[in-house]
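Undergrad: Using the sequences provided together with the hints, build the complete structure.
There are 2 protein chains.
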Amino acid sequence: MTDSCPYRTISIIGVGLMGASLAGALKASASPPVIRGSTPDRENGEKALRRGLIDSYTPSNREVVSGAELVVIATPPSSIPDIWEEIGPVVSPGTLLTDLASVKQNLHAIYLERFSSVFPRYISSHPMAGRELTGVDASRPDLFRDRLTFLIPFSSSPPGEDLERLKRLWTIAGSPRQTVVESREHDRILSLISHLPHLLSFSLLETLVQTTDKKTIPHWNWPSQRGGALKDMLRIAWSGPDLWGDILLQNRKELLSSIEDFTSSMDVFKKFLVAKDREGLISYLKTLQAKAHEDMHHERHS
Amino acid sequence: MTDSCPYRTISIIGVGLMGASLAGALKASASPPVIRGSTPDRENGEKALRRGLIDSYTPSNREVVSGAELVVIATPPSSIPDIWEEIGPVVSPGTLLTDLASVKQNLHAIYLERFSSVFPRYISSHPMAGRELTGVDASRPDLFRDRLTFLIPFSSSPPGEDLERLKRLWTIAGSPRQTVVESREHDRILSLISHLPHLLSFSLLETLVQTTDKKTIPHWNWPSQRGGALKDMLRIAWSGPDLWGDILLQNRKELLSSIEDFTSSMDVFKKFLVAKDREGLISYLKTLQAKAHEDMHHERHS
Chain S
1 MTDSCPYRTI
11 SIIGVGLMGA
21 SLAGALKASA
31 SPPVIRGSTP
41 DRENGEKALR
51 RGLIDSYTPS
61 NREVVSGAEL
71 VVIATPPSSI
81 PDIWEEIGPV
91 VSPGTLLTDL
101 ASVKQNLHAI
111 YLERFSSVFP
121 RYISSHPMAG
131 RELTGVDASR
141 PDLFRDRLTF
151 LIPFSSSPPG
161 EDLERLKRLW
171 TIAGSPRQTV
181 VESREHDRIL
191 SLISHLPHLL
201 SFSLLETLVQ
211 TTDKKTIPHW
221 NWPSQRGGAL
231 KDMLRIAWSG
241 PDLWGDILLQ
251 NRKELLSSIE
261 DFTSSMDVFK
271 KFLVAKDREG
281 LISYLKTLQA
291 KAHEDMHHER
301 HS
Chain E
1 MTDSCPYRTI
11 SIIGVGLMGA
21 SLAGALKASA
31 SPPVIRGSTP
41 DRENGEKALR
51 RGLIDSYTPS
61 NREVVSGAEL
71 VVIATPPSSI
81 PDIWEEIGPV
91 VSPGTLLTDL
101 ASVKQNLHAI
111 YLERFSSVFP
121 RYISSHPMAG
131 RELTGVDASR
141 PDLFRDRLTF
151 LIPFSSSPPG
161 EDLERLKRLW
171 TIAGSPRQTV
181 VESREHDRIL
191 SLISHLPHLL
201 SFSLLETLVQ
211 TTDKKTIPHW
221 NWPSQRGGAL
231 KDMLRIAWSG
241 PDLWGDILLQ
251 NRKELLSSIE
261 DFTSSMDVFK
271 KFLVAKDREG
281 LISYLKTLQA
291 KAHEDMHHER
301 HS
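In order, the protein sequence lines correspond to chains S and E.
With the first letter of the first sequence counted as 1, position 256 gets the number 256 in our numbering; the numbers rise by one all the way through.
With the first letter of the second sequence counted as 1, position 95 gets the number 95 in our numbering; the numbers rise by one all the way through.
Bear in mind the hints are in silico, worked out from the structure with no lab data behind them.
Any given hint could turn out to be false.
[As the list claims (entries may be wrong)] Partial list, derived from the structure: chain S residues whose beta carbon lies under 7 Å from chain E:
id	residue
1	S157
2	L200
3	T211
4	T212
5	P223
[As the list claims (entries may be wrong)] Below, in silico cross-link-like pairs of lysine-lysine (BS3-like), each with a Cα-Cα straight-line distance of 25 Å or less:
id	chain 1	residue 1	chain 2	residue 2
6	S	K253	E	K253
7	S	K215	E	K286
8	E	K231	S	K215
9	E	K253	S	K270
10	E	K271	E	K291
11	S	K270	E	K270
12	E	K276	S	K253
13	E	K270	S	K214
14	S	K231	E	K291
15	S	K27	S	K47
16	E	K270	S	K291
17	E	K286	S	K231
18	S	K231	E	K231
19	S	K253	E	K215
20	S	K215	E	K291
21	E	K286	S	K214
22	E	K47	S	K271
23	S	K270	E	K214
24	E	K253	S	K291
25	S	K253	E	K270
Each residue gets a CB set at the ideal place from its N, CA and C atoms; glycine is no exception.
TA: What follows is the structure in C-alpha cells.
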C-alpha cells in the first residue's frame with residue numbers, strides 16, 4: 001500500500017543535505033506535494049530546482065512560507081530562533097511548523113518563551129539520518145529509509161491530527177518508525193547515541209594528529225597504516241565543523257554528562273589493564289556483548 | 001606481472017580467520033604453494049581442507065611443521081610461546097618462522113630470552129586486516145587486499161634474503177606494502193591505530209548498556225534508535241572477547257599511554273563545552289580536519 005502525502009504544499013527553509021533529501025524522498029512518493037524551497041545559498045537553491053527536488057526557489061524565507069500547509073525548517077539548530085523571528089509575522093496560524101534540528105531543549109525553551117502564540121501548531125522532528133557531507137549534492141532521496149524519527153511536540157495544546165499527519169509524512173519519506181518524546185528526553189538520548197560518538201571520533205582524530213605533531217614514533221603514518229577498524233571509527237570525524245560545533249554546544253549539558261558516563265566505562269577497562277587481569281577482562285567483554293545482544297532483542301528484564 | 005610464491009611448502013598453525021584467509025589468498029595466486037594446516041579445532045581444520053584452502057590437515061603442530069620452508073603461526077598472541085615450546089625440537093634450523101600476532105614486544109622479549117637459538121630465522125608479521133568474526137567460515141582470500149603489513153625481524157642476525165622473500169609472500173597474499181619496524185615501535189603504533197579504537201568502541205557499548213540498566217530515560221532503546229554513526233562506532237565492539245582481551249592485555253603498557261593521550265584530546269573538546277565557546281570549537285575542528293588531511297597527503301613539515 002502506498003500512502004499519499006498528507007500535505008499538498010510544503011515549504012522547506014534550507015535546501016541542504018537534510019532539506020533536499022526530504023524533498024527528494026517526497027517527490028519520489030506516490031502523490032508528490034508541491035514543494036517550495038528557500039536558502040540564502042542561491043547556487044544550492046537553483047541546483048535543487050533544476051533537479052526537480054523543489055518546484056520553486058526563492059532566497060527569501062518570508063516569501064517561501066506564505067500560504068504553506070507545512071513549513072519544514074532544515075537549517076542548523078542555532079539559526080532557528082532567527083528564522084522564527086523572521087517568518088513569524090507572515091506565517092498563518094493554520095500552518096504546521098517543524099524543524100530537523102538535532103538538539104531540542106534550548107529551542108523548546110525559546111519557543112515557549114517567545115513563539116508559542118506565534119506558531120500555535122509546532123511539532124519538532126528529528127530523523128536519525130545524516131551524512132558527513134553537506135549540500136544538495138550530498139542529498140539522497142533514500143537518506144531516511146528505515147530510520148527512526150523522533151517527534152517532539154512543542155505546542156502545549158495536544159497536537160492530535162497534526163501529529164498523525166506528520167507521522168504519515170515521515171513514513172512516506174522513508175522513515176516508517178516514529179517515537180514521540182519530550183525535548184529533554186530527546187537530548188539525553190541523542191547525547192548518547194549520536195553526540196558522544198561524534199565527540200569520540202573527533203577526539204580520536206585529534207590523538208592521531210597530535211602523534212604526528214610530536215614526531216616520537218619513527219615510522220608513524222596513520223593514514224597508510226590504518227585498517228578497517230580505524231576507518232570506521234573516524235568516518236564521522238569528517239562531519240561538518242559548523243554544524244557539529246553547533247550541535248555539540250547546543251547539547252553541552254547532556255553531552256558533558258554523557259562524557260562522564262563514558263569516562264566511567266573506560267575506567268572499567270583501564271582497571272583490568274592496570275591489574276593485568278586478562279581473564280577478568282575477557283569475561284567482562286563477554287557479559288557486555290551478551291547484555292548488548294539482549295538490548296537488541298528487547299529481552300532484558302533485570 | 002604476477003609474481004610466483006617464494007615458498008613451495010608452507011605450514012600454517014591455526015586455521016582460523018587469519019590463517020585460513022592467508023591460505024586462501026596464496027591458493028588463489030599464480031603458482032600456489034603446498035599448504036599444510038594444523039589446529040586443535042578438528043571441525044575447522046577439516047572444513048579448511050574440504051574447501052581446498054589447505055592440502056592436508058593434522059591436529060598436531062609438531063607434525064605440521066616438519067620439513068616446512070615457512071611456518072606461519074596464526075594463533076592468538078598469548079598462545080605463541082607455548083607453541084614455540086612445542087615445535088622447537090622438531091623445526092629444522094633452515095626454516096623461516098613468522099607469526100601474525102597483533103602485539104610484538106612481549107613475544108620478542110620471550111624470543112630473545114629462550115628461543116633465539118632454537119629459531120635462528122624468525123621475522124614476525126602483522127597484516128593490518130581483520131574482521132569481527134572468527135574461524136574458517138569468516139575467512140576471505142581478499143582479507144589482506146591493499147592493506148599494509150608490518151614486518152618485525154626477531155632474529156638478531158640480519159634477515160637479508162628471508163626478509164625479501166617474506167615481503168614477496170605478503171605482496172602475493174594481497175598486501176603490496178610492507179613496513180619494517182622494531183617491536184616496541186610496532187606496539188606503539190598499533191596501540192593508537194587499532195587497540196585504542198577497539199577500547200573506545202567497547203567503552204561506548206558499555207555506556208549504552210549501562211544506560212539501559214539504569215532505566216532513567218523512558219523511551220531509551222539504543223538498538224532501534226541508532227543511526228549510521230553509532231553503527232560504525234560499534235562495529236568493532238563485537239570483536240571476539242578471547243582474542244581482544246588477550247591483545248589489550250598484551251599491549252597494556254602502550255595502550256595505557258594511548259588512553260592518556262586520548263583523554264587529553266577529549267579534554268580539549270570538554271573545555272570548549274564548559275566554556276560555551278562555540279566559535280572556538282568550530283575553528284578547532286576545522287584546523288583538526290585540515291591537519292588530518294595534510295597527514296593523508298604527507299604534506300606536513302611543521
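Undergrad: Of all the hints numbered above, which does this structure not satisfy? Sort the numbers upward.
TA: 1, 6, 8, 16, 22, 24
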